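Enquirer: Below, each chain spelled out in residue letters.
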Amino acid sequence: MLTELSAYTNRWRQAPPAAKGLFSFCGMAAAFAAGSPRTALLVALILSAATILGAGVPVLRYLRVATPALLFLLASGLSLVVSLDFGGSTGGLSAHLAGAELPRIAQVSCRSLACLTALLFLALTTPLVDIVSLLRRCRLPDTLLDLMTLCYRTLFVMSEAVHETITAQSARLGYATFTLSLRSLGGLVANLSVQVWQRSQVLQLAALARNNDGALRFLGPDYPNPARAVSGAAVSGLLLIILAVTLP
Amino acid sequence: MISAILSLADVSYSYPDGTHALSSCSLTIRRGARTAVLGANGAGKTTMFLHLNGILRPSAGQLQWEGTPLDYSRNGLRMLRSRVGLVFQNPDSQLFSASVREDVSFGPMNLGLTDKNVRERVEEALHAVGMTEAADKPVHNLSYGQKKRVCIAGVLAMKPEIIVLDEPMAGLDATMQEEFTAVLERLHGSGITIVVATHDLDFAYGWADQAIVMRAGRVLAHGAPREVLLQKDVQDELGAVPLVAEISRQLSLLGIDLRDNGYLPRSKGELLKAITAHTRQENRP
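Chains A and B, in that order, are what the protein sequence lines are. Residues in the first sequence are numbered consecutively from 1, following our numbering. Residues in the second sequence are numbered consecutively from 1001, following our numbering.
I should point out that these hints are in silico values taken from the structure, not numbers from a laboratory. Since we're looking at a predicted model, the values are computed, not measured. Just so you know, even glycine gets a beta-carbon here, dropped at the ideal spot from N, CA and C. One or more hints might be untrue.
Now the stretches of chain A that chain B is said to cover, found in silico as 3 or more residues with beta-carbon under 8 Å [stated by the list, open to error]:
no., stretch
1, 122 to 129
2, 205 to 213
3, 219 to 230
Distance windows between CB atoms, simulated [to be verified]:
no., chain 1, residue 1, chain 2, residue 2, range
4, B, G1076, A, A171, 47 to 57 Å
5, A, V202, B, R1057, 12 to 22 Å
6, A, C151, B, G1076, 42 to 52 Å
7, A, L74, B, G1042, 33 to 43 Å
8, A, L144, B, G1018, 32 to 42 Å
9, B, T1175, A, L155, 23 to 33 Å
10, B, S1190, A, P58, 15 to 25 Å
11, A, L150, B, D1115, 20 to 30 Å
In silico EDC-like pairs for lysine to aspartate or glutamate, Cα to Cα no more than 20 Å straight-line [claimed, not checked]:
no., chain 1, residue 1, chain 2, residue 2
12, B, K1159, A, D213
13, B, K1137, A, D213
14, B, K1268, B, D1202
15, B, K1147, A, E164
16, B, K1147, A, D213
17, B, K1147, A, E4
18, B, K1116, A, E160
Chain A extracted, bound-state conformation (with noise of 0.2 Å):
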């Protein structure tokens, strides 16, 4: 939950998620107008900076999150550059390094990177619960921005419950062999159906008790100034666009 710390705690949390927003997506937009693989890093190296320094989200914390997508690109990369050959011309089993690809994978490698900066610029910023609504404000369908809702809410509930069926479970040595952890794991799986089903009912009266009628219905959030942050991240975006196309 490091990301949730990050979005609740950071120094632009109150600032509109339409100026966040659309800063990331400039971001992007800057990240695939990249001539070259260095301003690619260029644009990644801003975007970590306005986080990190701007927003004032650790830089541990930030590497923390960044790991896994790091990992993932890295192993995505390397698959691009090396090339595994089974059977062939030999007969055996040959590896081959994409020798006139390697800038062209340099290249998506960094944009990626850039990308993921932008992205994670505005994941560390915002809560979900306001890209929700600057979801919702953009037209996107009720229909998946309630189930975004949900899933998010039912997220926490459900870990909770996961923790205690699990403490409950070794209290009672659930765990102790292989064999006892794989049917603790399907109680817990059965167990977990069942309060789902459950607790989907009790929420179902929870809205029909509150005069819901199907949409779920919520007041967006009102942030100070938010003519003056969205037309400074406009600028700021458009900058950075900038940058990305003129440099070479």
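Go by the hints and put chain B onto chain A.
Expert: Quick look at chain B alone, frame taken from chain A:
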């Protein structure tokens, strides 16, 4: 004269699995009163509450709002649910959004009010339950007691005339219970009728103006707590007597009469005050 706001007349209800949850249940909730509903688990308290909000419809009998039978049409239910706020036992099964402010806005948004109006109501409701400071926190980072307060704010923002709370004290520590009672008192002070299901006899005895004891889907006793909760059949059903009442009774057997102009202490605080006053009187030369 205090008028009836909601009443049940011979209401029966069976769940689809055949369980008879209510059988000829009749009771009256008085406007402006603090009502405590007591009874063992499975006595029908929650089912009765779901009827008050129009979520369940009786299979026999009738519910009345100020003497008029409930209207179960779309508009009728809309009106009823904006007047009767229902707070469930488990806050996690009631809170939809991970944002406190958003969740509180859910009810008033469903009433079709303007954004400005909803925003005002949300702030008022959060202030009333003392949650303004925590309004920007995510729901999953709140304590159990705070989540319960958010649930009340969510109902309060709909400006109901009655708030019905299903076992609100369950899971709260002593300090939280005290804070919660203070919130209920504030709401009652603002003119809202409060109905609470509880297993806490001492709380019901000290807090309520009227007590309703249920057994097997029926009303066993209904009236002032000092009368109802001391009845023999009620004691047998609930398995206990309010501690303050029992101490007062034991003291009166020892010749210590704590009555002050006929008023017997109802809460721990009142009992201690009465004992102190009695001791001072005894020691007076």
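Enquirer: If a hint holds in the structure, say so; if it doesn't, say that too.
Expert: Hints versus structure:
1. Only residues whose C-beta sits within less than 8 Å of a C-beta in chain B count toward coverage, and the stretch 122 to 129 of chain A has 3 of them, enough to reach three; the restraint holds.
2. Chain B is given as covering the stretch 205 to 213 of chain A, and this holds because 9 residues of the stretch bring a CB closer than 8 Å to a CB of that chain, at least three being needed.
3. Counting residues of the stretch 219 to 230 of chain A whose C-beta lies closer than 8 Å to any C-beta of chain B gives 4; at least three are required, and the coverage claim holds.
4. For G1076(B) paired with A171(A), a C-beta distance near 50 Å keeps the hint of 47 to 57 Å intact.
5. With their beta carbons about 18 Å apart, V202(A) and R1057(B) fall inside the hinted range of 12 to 22 Å.
6. Distance hint check for C151(A) and G1076(B): the Cβ-Cβ separation is about 34 Å, which falls outside the suggested range of 42 to 52 Å.
7. At about 59 Å, the beta-carbon gap between L74(A) and G1042(B) misses the expected band of 33 to 43 Å.
8. With their beta carbons about 40 Å apart, L144(A) and G1018(B) fall inside the hinted range of 32 to 42 Å.
9. At about 30 Å, the beta-carbon gap between T1175(B) and L155(A) stays in the expected band of 23 to 33 Å.
10. Look at S1190(B) against P58(A): about 45 Å separates their beta carbons, and that is not inside 15 to 25 Å.
11. Take L150(A) and D1115(B): their Cβ atoms lie about 22 Å apart, and the range 20 to 30 Å holds.
12. For the suggested pair K1159(B) and D213(A), the alpha carbons sit about 19 Å apart, so the restraint of at most 20 Å is met.
13. For the hint pairing K1137(B) with D213(A), the CA-to-CA distance comes to about 27 Å; that exceeds 20 Å, so the pair is violated.
14. Between K1268(B) and D1202(B) the CA atoms are separated by roughly 9 Å; this keeps the pair inside 20 Å, and the hint holds.
15. Only pairs whose Cα atoms come within 20 Å are accepted, and K1147(B) paired with E164(A) is accepted, the gap being roughly 18 Å.
16. The hinted pair formed by K1147(B) and D213(A) fails the criterion: a straight-line CA distance of about 24 Å is larger than 20 Å.
17. With a C-alpha separation of about 19 Å, the suggested pair K1147(B) and E4(A) falls inside the 20 Å cut-off, and the hint holds.
18. This hinted pair does not check out: K1116(B) and E160(A) have alpha carbons roughly 35 Å apart, beyond 20 Å.
Taken one by one, the earlier hints fail for this structure at numbers 6, 7, 10, 13, 16, 18, listed in ascending order.
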